[in-house]
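> Between the sequences and the hints, there should be enough to build the whole structure, so can you do that?
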Amino acid sequence: MGNESADALAKNAVTHGTPFTLLKPLIHLNKILNQELISNWKKEWDKTNLGKPIHELIPSPSFQNHNWDRREVMFFTEQGPFTSYLKRFHLRPSDSCSCGEVGNPLHYATSCPHTKAWHFSKPSNTNLLQWKRAILRSTRSRTRLHNMMSFLMANDILINGPPADLVILVTDELLFLQIL
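Each residue of the sequence shown is one higher than the one before, starting from 1 at the first, in our numbering.
Be aware that a few hints might be false.
Unchecked claim - Calculated pairs, BS3-like style, for lysine-lysine (alpha carbon to alpha carbon, straight line, at most 27 Å):
(1) Lys11 x Lys24
(2) Lys116 x Lys132
(3) Lys87 x Lys132
(4) Lys47 x Lys122
(5) Lys122 x Lys52
(6) Lys87 x Lys52
(7) Lys132 x Lys52
(8) Lys132 x Lys122
(9) Lys87 x Lys116
(10) Lys42 x Lys52
(11) Lys31 x Lys43
(12) Lys43 x Lys132
(13) Lys31 x Lys42
(14) Lys132 x Lys42
(15) Lys122 x Lys87
(16) Lys31 x Lys47
What the hints contain is simulated information worked out from the structure, not anything from laboratory work.
Given below as structure tokens:
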């Protein structure tokens with residue numbers, strides 16, 4: 001008799017009952033929105049050519065904080081005090097370092113005589129990604145990278161030469177700087 005009356009009450013509730021909506025918790029909606037945002041972000045991230053140096057290091061976007069220092073961001077994005085980068089914006093007449101080689105981040109980190117105190121061993125092209133990841137995993141390597149980048153930023157004109165729009169005039173005992 002108990003089961004029959006429960007079935008009758010359930011049938012009555014379904015056919016004649018008052019409909020109501022059950023709201024989901026806000027945290028559930030937040031989770032769904034974040035998953036959708038990350039999914040769309042990853043699709044856009046994968047189809048664009050922008051940010052490829054970082055895309056190799058971080059293949060999937062996330063809300064995780066990687067705790068990268070400004071100098072690390074400049075080094076790994078290849079957008080810093082490097083002649084190869086500055087030449088693109090006509091801020092240097094050449095992409096060559098004052099030692100004669102192309103002034104990219106790998107050059108300064110492995111073979112430039114100006115940054116010899118902070119050199120890393122030069123990786124092969126096939127091991128370049130693992131080399132970058134190893135630097136990020138090691139506190140000592142990160143400190144060495146910070147010191148090298150600080151040196152490059154502080155001594156930019158000495159290492160890379162004057163900017164393309166700066167003319168240095170030396171006469172007798174006076175030094176004149178003229179910005180074109």
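> Against the 27 Å threshold, does the CA-CA distance of lysine 132 and lysine 52 hold or violate the hint?
14 Å, holds
> Within a Cα-Cα threshold of 27 Å, do lysine 47 and lysine 122 meet the stated pairing?
31 Å, violated
> Need the status of pair lysine 132, lysine 42: alpha-carbon distance at most 27 Å?
Holds, because 22 Å separates the two Cα atoms, which is no more than 27 Å.
> Is the hinted pair lysine 11 and lysine 24 satisfied, with a Cα-Cα distance of at most 27 Å?
26 Å, holds
> Would the pair lysine 87 and lysine 116 pass a check requiring their Cα atoms to be no farther apart than 27 Å?
The given pair, whose Cα atoms are some 23 Å apart, holds under the 27 Å limit.
> Has the given pair, lysine 43 with lysine 132, been kept, meaning a C-alpha gap of at most 27 Å?
24 Å, holds
> Mind checking the alpha carbons of lysine 87 and lysine 132 for me, to see if they're no more than 27 Å apart?
24 Å, holds
> Can you confirm whether the C-alpha distance between lysine 116 and lysine 132 stays at or below 27 Å?
18 Å, holds
> Would the pair lysine 31 and lysine 42 pass a check requiring their Cα atoms to be no farther apart than 27 Å?
The given pair, whose Cα atoms are some 16 Å apart, holds under the 27 Å limit.
> Just to be careful, I want the Cα atoms of lysine 87 and lysine 52 compared with a cutoff of 27 Å; is the pair within it?
19 Å, holds
> Given the hinted pair lysine 122 and lysine 52, is their alpha-carbon gap at most 27 Å?
Holds: lysine 122 and lysine 52 sit about 21 Å apart, inside 27 Å.
> Holds or violated: are the alpha carbons of lysine 122 and lysine 87 at most 27 Å from each other?
Roughly 24 Å separates the two Cα atoms, so the pair holds.
Of the numbered hints given earlier, the model fails hint 4 alone.
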